[in-house]
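Peer 1: Single-letter residue listing:
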Amino acid sequence: MAEEIVFEKIKGIHKVPREEFYSSGHRTCEGCESAMVMRMFSKASGPRTIALGTTGCMYVANTAYMTTPWVIPWMHTQLGAGGSAALGTSAGLRALMKKGKIPEEKINTIAFCGDLGGADMGLSAISSALQTDYDLLIILYDNESAANTDIQATGMTTWGAQTTFTPTGKVKRIMQTRWKKNVAGMLAAGHPNVKYIATAIASFPPIDLLNKVRKALSAGGPAFIHTLDPCPKGWDYHPRYSDKLGELAARSGIFPLYEIDHGTAKLTYNPPKPRVPVKEYLEKQGRFAHLKDEDFQYIQQRVDSMWEDWEIPGIIPVRNGTIRSEK
Amino acid sequence: MTVVEGKLVESQKEELLTGCEAVAHAVMLADVDVISAYPIRPYTEVMDAVSKLIADGKFFAEYIIADGEHSQFEIVKHASAVGARVFVGSSGTGWMYAMEAIAVTASDRLPVVALVGNRALDDPGAFGVEHNDALTVRDLGWLLVWASTAQESLDTTLIAYRVAEDPKVMFPTALAMDGGFLTHSQHMVRIPSQSLVRKFLPAYNLGDRRLHPDNPISIAPQVNEDWVMEIRMQNAEATKRVPAVIDKAYREFEDVFGRELGNPWLEEYMMEDAELAIVGMGTLAMPAKAAVKRLRSRGTKVGLVRPKWFRPFPTELMQKVLSRVSAIGVVDRDFSYGSPYYGGVLFNEIRSTLYSSKNHPTIANFIAGLGGREISIADMIKMIQLTYEAEEEGKDGQVKWMGVRE
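Protein chains in written order, with my numbering: chain Z, 263 to 589; chain V, 28 to 433.
Hints in this document: simulated from the structure, not taken from any laboratory.
Remember, it's a predicted structure, so these values are computed and weren't measured experimentally.
It cannot be assumed that every hint is accurate.
Residues on chain Z that point at chain V, a partial pick, calculated with CB under 10 Å [stated by the list, open to error]:
1) Tyr321
2) Val333
3) Trp336
4) Met337
5) Gly342
6) Ala343
7) Gly345
8) Ala353
9) Arg356
10) Lys361
11) Asn370
12) Gly384
13) Ile585
Ideal Cβ placement from N, Cα and C applies to all residues, glycine included.
Could you put together the complete structure from these sequences and hints?
Peer 2: Next up, the structure:
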């Protein structure tokens, strides 16, 4: 049997591994939080890792030919293939190890996909991967748009946001009328075989993402992490505020941070009451400049409902047998 | 195994197998590591057979039921990238659903072997054979070969692994089989022994392109206009190395298994002194042979040419064989709307091939047997007669749809 790696919990910023496995050579924007996700997951997973990246900004901006930032092995996969890439890689390694064609050891298989690739097109493949018993981790890095393509809305874009597909106009103030999907909750509820599911923000709380990646990798089966990544280009704010916006997303409760470890759910961060109004998070982003008070109130009311009416805030939209839906 | 006249001869194990079951046996004998399945008629029977072989412990592979054909082909692509031998397949619209993954598998130069159980593309719905599904990959770097019997299906699957995984090749390979007529029809098949297969088929070795922490490479980065021309040309050059590898694989197959396979590229039937050749791929060879035999008995000098490998296309051999006749009838089990002469795909490939031949035979085209409609011996005789008429009337390039209701 492969020797089981039990990753140690990182107990403070000074204990974070110094080795970089996502290094210089990438061309991401200043203030890119998705790049921070790349850097952190690879720090947490270490050198015995294979990374698989779907098409998206973390492909196009990351891996210009001959300037790859990846110190660990990395391979491109198609936009909707995050789940299949993880599955194929993990199955290939397991078959070769079982047949004695390569040495038995734990090799981390990590596929990352953006919100367009992961939450929309690739959802079916991720679902399929999470039904198996293969050792794999899928990271959905969510910057709420097709961020390398031209900032188009996805199924994960915050309600009301301006994107190139959802501009504000003379007749329609709001074109993005879809409410953000609850992908992690959906995957947790419908996949009894998944070993670990979490949401995270790269900047807040510090080290949280690193430890969630380590927990996922030692969970002994399929795992999934959804990160919310502030994006200066797509969200229209100064890059110096990326970490602050991440923190506000958590403090306002618009993006609940939780984990479901072998079926046990818990909030990993409980925003102190009174929660920061979501307007404080939204008004710092140019993509919401066209919103009126009634719009902010609408978003606030839905966020409040999630925290007050759901059985488990952020995860399961159920209370007393009733599914909470749009009012 | 016995030794006859100093040569190793395989055990004479024979079984009654469908085309799909024959391929499944080849997959087992090739000791494939990862298989990904998704149901669609008619290819799906191969996965029925493979899963039963695994369930019965006849061989071991990671067997993954995917959520769709796109995932199916992505799964094996990535398994292949870490050094696993893989098998996959599909039919008709399923093959089209996987097309994005199919395209990148070829440009990633990963030797995936796939079965295409040829099926009509929807709409309207039809389960039967049409070659359009497999032909969609003809420009992408997939090697493409048609089988016509269950025995040929088993043999060609083993050859496909050998060719695809050759370090000089490294292209994915699709074995096309006529849906229903070959995928589901039973033939007596000689099944080679595992030890001989091991002798014929070396272990898959991706070398320094294998994705592994011991070999931390980056695969398929963003190259844009800076490098894409160079990479495309490398691939194009690599396809030119394939024919010699195929020739060698067939010769060694014959040496190892002690069985004649004939010309790897095309089958010639009664072509020695033929004046007219009928050309077609897959199972239509059967009624074609019967028709040729019948017409020969009446003194008509007609023969059949059945192309096997469509990619790479055997240009010079095809020229050599077909410039001997004065009239050619190409039977396409496909269509190519709006193409030159509004003809079929094979027809236009053959015409293009013969452009530089000094003797320009009359080439007639027949679109026949679409959606699984049967091509009978009478149909074949009719097509041969129409080819003669086209020659007499100087109607080179004539295209006729056969057996269409009034």
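Peer 1: All the hints need checking, so say for each whether the structure fits it.
Peer 2: Cross-check of the supplied hints:
1. Tyr321: holds, 7 Å
2. Val333: Hint on Val333/Z: holds, closest Cβ of chain V at ~6 Å, below 10 Å.
3. Trp336: holds, 5 Å
4. Met337: OK, holds: Met337/Z within 10 Å of chain V, min 4 Å.
5. Gly342: Since the shortest Cβ distance to chain V is 6 Å, the answer is holds.
6. Ala343: holds, 4 Å
7. Gly345: Since the shortest Cβ distance to chain V is 7 Å, the answer is holds.
8. Ala353: holds, 4 Å
9. Arg356: Given a least distance of 6 Å, the restraint on Arg356/Z holds.
10. Lys361: holds, 7 Å
11. Asn370: holds, 9 Å
12. Gly384: With Cβ-Cβ at 9 Å, under 10 Å, it holds.
13. Ile585: violated, 25 Å
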